[in-house]
Amino acid sequence: MATPKPRVRIPSTAKAGEVIEVKTLISHEMESGQRKDSSGKPIPRKIIKQFIASFNGKEIFRADWYPAISANPYQSFFVRVPETGTFTFQWVDDDGSVYKSEHQVTVG
Amino acid sequence: MTFITGATRRAFLATAGGGLAALVVAPTSALADAKMVADEIAKLYGSKSIKEGRIKLDLPSIAENGLVVPLSFEVESPMTEADHVKSVHFFAEGNPNPQVAAFTFTPFAPKAAASIRIRLAKTQNIVAIAEMSNGDVYKATKEVKVTIGGCGG
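As given, the protein sequences belong to chains G and P, one line each in that order. Numbered per this note's numbering, the first sequence spans residues 1 to 108. Numbered per this note's numbering, the second sequence spans residues 1001 to 1153.
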């Protein structure tokens, strides 16, 4: 499988204290562990099990995902922009890989 | 049998009818039920009383495709240090695993709201449980009728 590619929609500028909705999507099969291959053998589970959003290193929001999450998982949520800073979004795979996406938002 | 996508499903359809019937019947017993969900909730909150309300759950009444069912929610809360939503857990009463997702909020989040997309194996109830910073626990339930399960059958 190709390396999962995160996509994030977040404005690059905001007013101080503004509440914005962040929309994220990452390409990932989210193999549930329930399917069988053509020879009838179960396909092992491999999903992204956690999503973490933080601002300037401080955690804001976290999601634990189970195999019931659809392929190419979508996650939207709300953040407040107190000051100019960097939002970091991390996706943690079952195999331990962490996919990261960083976004600077400027208060002006 | 759940969550079979296009390629595998076509392989199934190509097999003899007998094999297909066996595949359809056998795994239904492996699905979760309302009791398993109740047990999971009891594991988290014990015998604590659970109130109705405060959770606005947005799920379709009828989902045509069980592989991608949009789920949005919002829990009423001022989201301050003193009074905020700590977590929201989602459970499915008819999926292979009762757990769906769990969200952890902090007072830095302005709203206890989020959207995801989930897989549903069949028509079933989705249960949301929200825990507040003062320890109160709230619950909301919604039934989703699934036309084509996220299981190719």
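It should be emphasised that the hints constitute simulated quantities derived from the structure, not laboratory data. Incorrect hints may appear among the rest.
Stated by the list, open to error - Computed Cβ-Cβ distance ranges for the label pairs, DEER-style:
1) P/Glu1081 x G/Gly85: 27 to 33 Å
2) G/Ile43 x P/Leu1044: 27 to 33 Å
3) G/Ile43 x P/Asp1033: 23 to 29 Å
What the hints assert, rightly or not - Here are the simulated BS3-like pairs of lysine-lysine, each with C-alpha atoms no more than 25 Å apart in a straight line:
4) G/Lys49 x P/Lys1051
5) G/Lys5 x G/Lys41
6) G/Lys36 x P/Lys1142
Here a beta-carbon is modelled for each residue, glycine too, at the ideal position from N, C-alpha and C.
Now the hints, each set against the structure:
1. P/Glu1081 x G/Gly85: 27 to 33 Å: violated (20 Å)
2. G/Ile43 x P/Leu1044: 27 to 33 Å: Given a distance of about 30 Å, which is inside 27 to 33 Å, the answer is holds.
3. G/Ile43 x P/Asp1033: 23 to 29 Å: holds (25 Å)
4. G/Lys49 x P/Lys1051: With Cα atoms ~29 Å apart, G/Lys49 and P/Lys1051 exceed 25 Å; violated.
5. G/Lys5 x G/Lys41: Answer violated: G/Lys5 to G/Lys41 is near 28 Å, above 25 Å.
6. G/Lys36 x P/Lys1142: Between G/Lys36 and P/Lys1142 the Cα gap is close to 30 Å, so the pair fails against 25 Å, i.e. violated.
Violated hints for the displayed structure, listed by number in ascending order: 1, 4, 5 and 6.
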